[in-house]
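Colleague: Here the protein sequences come in this chain order: F and A.
Sequential numbering from 1 applies to the first sequence in UniProt numbering.
Sequential numbering from 1 applies to the second sequence in UniProt numbering.
A hint or two may mislead.
[To be verified] Among the chain F residues that face chain A by a calculated CB cut under 10 Å, a handful are:
| # | residue |
| --- | --- |
| 1 | Arg94 |
| 2 | Leu121 |
| 3 | Met143 |
[Unchecked claim] Cβ-Cβ distance ranges computed for the label pairs, FRET-style:
| # | chain 1 | residue 1 | chain 2 | residue 2 | range |
| --- | --- | --- | --- | --- | --- |
| 4 | F | Pro125 | A | Gln86 | 36 to 42 Å |
| 5 | A | Ala35 | F | Phe14 | 32 to 38 Å |
| 6 | A | Phe117 | F | Arg123 | 33 to 39 Å |
| 7 | A | Val140 | F | Gly108 | 44 to 50 Å |
| 8 | A | Thr108 | F | Lys160 | 22 to 28 Å |
| 9 | A | Gly200 | F | Arg123 | 24 to 30 Å |
| 10 | A | Arg121 | F | Asp223 | 53 to 59 Å |
| 11 | F | Phe14 | A | Lys268 | 42 to 48 Å |
| 12 | A | Pro12 | F | Asp247 | 33 to 39 Å |
| 13 | F | Ala88 | A | Thr108 | 23 to 29 Å |
| 14 | F | Phe27 | A | Leu32 | 44 to 50 Å |
| 15 | A | Ala141 | F | Ser156 | 47 to 53 Å |
| 16 | F | Ser163 | A | Ala141 | 55 to 61 Å |
| 17 | A | Leu21 | F | Ser163 | 29 to 35 Å |
[As the list claims (entries may be wrong)] Some chain A residues close to chain F (C-beta under 8 Å, calculated; not the full set):
| # | residue |
| --- | --- |
| 18 | Pro144 |
| 19 | Ala171 |
| 20 | Pro175 |
| 21 | Gly179 |
| 22 | Val180 |
| 23 | Ala182 |
| 24 | Gly184 |
| 25 | Gly185 |
| 26 | Thr186 |
| 27 | Leu188 |
| 28 | Trp193 |
| 29 | Gly194 |
| 30 | Pro197 |
| 31 | Gln198 |
| 32 | Thr204 |
Hints are computed from structural coordinates only; laboratory data are not their basis.
No residue lacks a Cβ here, since even glycine has one placed at the ideal position from N, Cα and C.
Here are the chains, one letter per residue:
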Amino acid sequence: MPSLVEVQSLSKSFALLAQSPDAARTFKALDEVSFTMTRPERIGLIGPSGSGKSTLLRSLSGLILGDAGSGPVIVLGRTVQMDGRLGADVRAARADLGMVAQQFNLVGRLSLFTNAALGLLGRIPPLRGLFGLWTPEEKQRVMRALDTVGIADKASQRAKTLSGGQQQRGAIARAIVQDARLILADEPVASLDPVTARKVMELLVHLNEDRGVGVIVTLHQVDYAMKYCDRILALKDGKIVYDGPADGLNPDRLSEIYGPEIEQAYWRDPS
Amino acid sequence: MAETASLDALRPPRTSLRDKLLTWGLWLGFGLLLALSFKGAQIGDLPLLGRNWGNTSTYLRDYLHPDFSDRTTIAYYVREMWVTIQVAIWGTVLSIGLAIPFSLLCATNIAPAWISFPVRRAMDMLRAVNELVLGTAFLVAVGPGPLAGVLALALHNTGVLAKLFSEAVEAVDQPPIEGVRATGGTRLQEIVWGVLPQVGPLWTSFALYRFESSARSATVLGLIGAGGIGQVLFDNINSFNYARVSAIALIIIAAVILIDMTSAALRKRLV
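Start from the sequences and build out the full structure, keeping to the hints where you can.
Modeller: Spelled out as structure tokens, the structure:
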């Protein structure tokens, strides 16, 4: 069985508007990052702001392309990108990848049902997907997914009328409809209140433990990462500075990673 | 030392001499432009308006007595008004059909520059040519009558709507589109599910505005032989039948008001 994720020496530079003539012209968001996920784990990507967490996560689905010369990003046996170019079967890879983002990525004017049904796009004939001609079985599948995340009663509501937590669960429902084998969640709880945030994280744990879905989640809150993830990848200045079990991180090590930002890295008291 | 610094920081911002000169220069330039165009626009002849008031009032007197006496004639006017509205309806609908693909090709966030640039220039050209000029060309092609008016309106409006539509497309939110892309959707599916729902309300609003303005333009198109109420109006002006002209003008005003009100009500419901 192929690895779920395989990333080899991935680099990404962004051009910067020079503040002064001698300022660096590029900013290295990712610097030779490599890691693999061989079984469905819950990986927490942590690190201070600007450390490259989101860039890494978005690179995994090819929403961001690495620099020329970067090694391959292989997800579920398919090459998403290589040498700064999208792989040929990136769409097939994306069909198996659920994406959950901080701003929910739902289309506000479409109903929650339609938004979740869009998870079918990568799996049905393009023309049928274009016109939204879902079969009765597919409609059932969408409703079951909405039920799993506990918002089936909101199916007909427009996404923009839902609360942040409901929208986030809608995005997870879309990933369930996709039958995603890997969920990439980019700061999924950053715009939620603590109670809703916990529910969303528990949902991701449930998908991992009961359905064998791999989860990679970027989290600004270290305590959330340590509580809900079994493996932590810590990034600093675009480099992986820690890769190991959550309990291998002690406060000193975290202070080292976060620097002066450490005080904002906890949502609640870690005790 | 610290106090002096903070007082400095509290000093309200001053407009620099350069900015002041620029502002005054702009006003001066504007004044100069007005003075230069004074003669060309014959503004000096404005007193003629008062001096010739006698003639004008004789001319206007007939307008105060619109001739609604002959029922069959009035019914004929109303029928012709309806023809004009039909011209506006088809002229607008055809232009919407053409403007949708062209606007997507114009939008810099959808189409590459080598497509968007030439398509934009083509739309500029359509916009630049007045309906009357386009109308005369179509009179030659399809003969006098409403169809020439429909085609003229359709082409001119395509230029206008493609520009307005494409600006709406360029202002869409990216996250929902990425959401669709991340499920493995095709480029066309991204547009249909990610872009169109976002621009739908604005497009509807623009299209209704264009319909209102088309209804007015369609009247004027009658003057060059494109049928409808405009042609009847022109015939009556040429035969100095001002009481009839006044009746026609009132019918046009009533129709335009009705269209504007209907369109405003539709906009409110749909947008």
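Colleague: A separate judgement is required for each hint: does it hold in the structure or not?
Modeller: Hints versus structure:
Look at Arg94 of chain F: its Cβ gets to within about 4 Å of chain A, closer than 10 Å, so that hint holds up. Taking 10 Å as the C-beta cut-off, the interface hint given for Leu121 of chain F holds, the closest approach to chain A being about 4 Å. Given the 10 Å rule on beta carbons, the hint for Met143 of chain F is violated: about 18 Å separates it from the nearest Cβ of chain A. Separated by about 40 Å at the C-beta atoms, Pro125 of chain F and Gln86 of chain A satisfy the suggested range of 36 to 42 Å.
Between Ala35 of chain A and Phe14 of chain F the C-beta distance comes to about 52 Å, which lies outside the given range of 32 to 38 Å. For the pair Phe117 of chain A and Arg123 of chain F, the supplied restraint of 33 to 39 Å holds, since their beta-carbon distance comes to about 37 Å. Against the hinted window of 44 to 50 Å, the Cβ-Cβ separation of Val140 of chain A and Gly108 of chain F comes to about 49 Å, which satisfies the hint. Separated by about 26 Å at the C-beta atoms, Thr108 of chain A and Lys160 of chain F satisfy the suggested range of 22 to 28 Å.
Taking the beta carbon of each, Gly200 of chain A and Arg123 of chain F are about 26 Å apart, inside 24 to 30 Å as hinted. Restraint check, Arg121 of chain A to Asp223 of chain F: a C-beta distance of roughly 57 Å satisfies the suggested window 53 to 59 Å. For Phe14 of chain F paired with Lys268 of chain A, a C-beta distance near 44 Å keeps the hint of 42 to 48 Å intact. Between Pro12 of chain A and Asp247 of chain F the beta carbon distance is about 56 Å. The supplied range of 33 to 39 Å is therefore violated.
The hinted range of 23 to 29 Å is satisfied by Ala88 of chain F and Thr108 of chain A, whose Cβ atoms lie roughly 27 Å apart. Under the hint 44 to 50 Å, the C-beta atoms of Phe27 of chain F and Leu32 of chain A, about 48 Å apart, fit the expected range. At roughly 50 Å, the beta-carbon separation of Ala141 of chain A and Ser156 of chain F lies within the given 47 to 53 Å, and the hint holds. At roughly 58 Å, the beta carbons of Ser163 of chain F and Ala141 of chain A sit within the given window of 55 to 61 Å.
The hinted window of 29 to 35 Å between Leu21 of chain A and Ser163 of chain F is violated, with their beta carbons roughly 53 Å apart. Because the beta carbon of Pro144 of chain A sits about 42 Å from the nearest beta carbon in chain F, more than 8 Å, this interface hint is broken. With 8 Å as the threshold, the beta carbon of Ala171 of chain A stays out of range of chain F, its nearest partner Cβ sitting at about 14 Å, so the hint is violated. A least Cβ separation of about 5 Å between Pro175 of chain A and chain F falls short of the 8 Å threshold, and the interface hint therefore holds.
Here the hint on Gly179 of chain A is kept, as its CB sits about 3 Å from the closest CB of chain F, short of 8 Å. Hint status for Val180 of chain A relative to chain F: holds, with the closest Cβ pair at about 6 Å, below 8 Å. The closest approach between the C-beta of Ala182 of chain A and any C-beta of chain F is roughly 4 Å, which is under the 8 Å cut-off, so the hint is satisfied. A hinted interface residue such as Gly184 of chain A counts as satisfied when its beta carbon comes closer than 8 Å to some beta carbon of chain F; here the least separation is about 2 Å, so the hint holds.
Against a cut-off of 8 Å between C-beta atoms, the interface hint on Gly185 of chain A holds, since the closest Cβ of chain F lies about 4 Å away. At its closest, the beta carbon of Thr186 of chain A sits 5 Å from a beta carbon of chain F; the interface hint therefore holds under the 8 Å criterion. With a cut of 8 Å, the hint placing Leu188 of chain A at the interface with chain F holds, because the nearest CB-to-CB distance is about 6 Å. The restraint placing Trp193 of chain A at the interface with chain F holds, with a minimum CB-CB distance near 6 Å, inside the 8 Å limit.
Because the beta carbon of Gly194 of chain A sits about 6 Å from the nearest beta carbon in chain F, less than 8 Å, this interface hint is met. Interface hint at Pro197 of chain A: satisfied, since its Cβ lies 4 Å from the closest Cβ of chain F, which is below the 8 Å cut-off. Interface restraint check for Gln198 of chain A: the shortest CB-CB distance to chain F comes to about 7 Å, inside 8 Å, so the restraint holds. Checking Thr204 of chain A against chain F by beta carbon gives a least distance of about 12 Å; that is not within 8 Å, so the hint is violated.
Going down the numbered hints, you'll see the structure goes against 3, 5, 12, 17, 18, 19 and 32, while the others check out.
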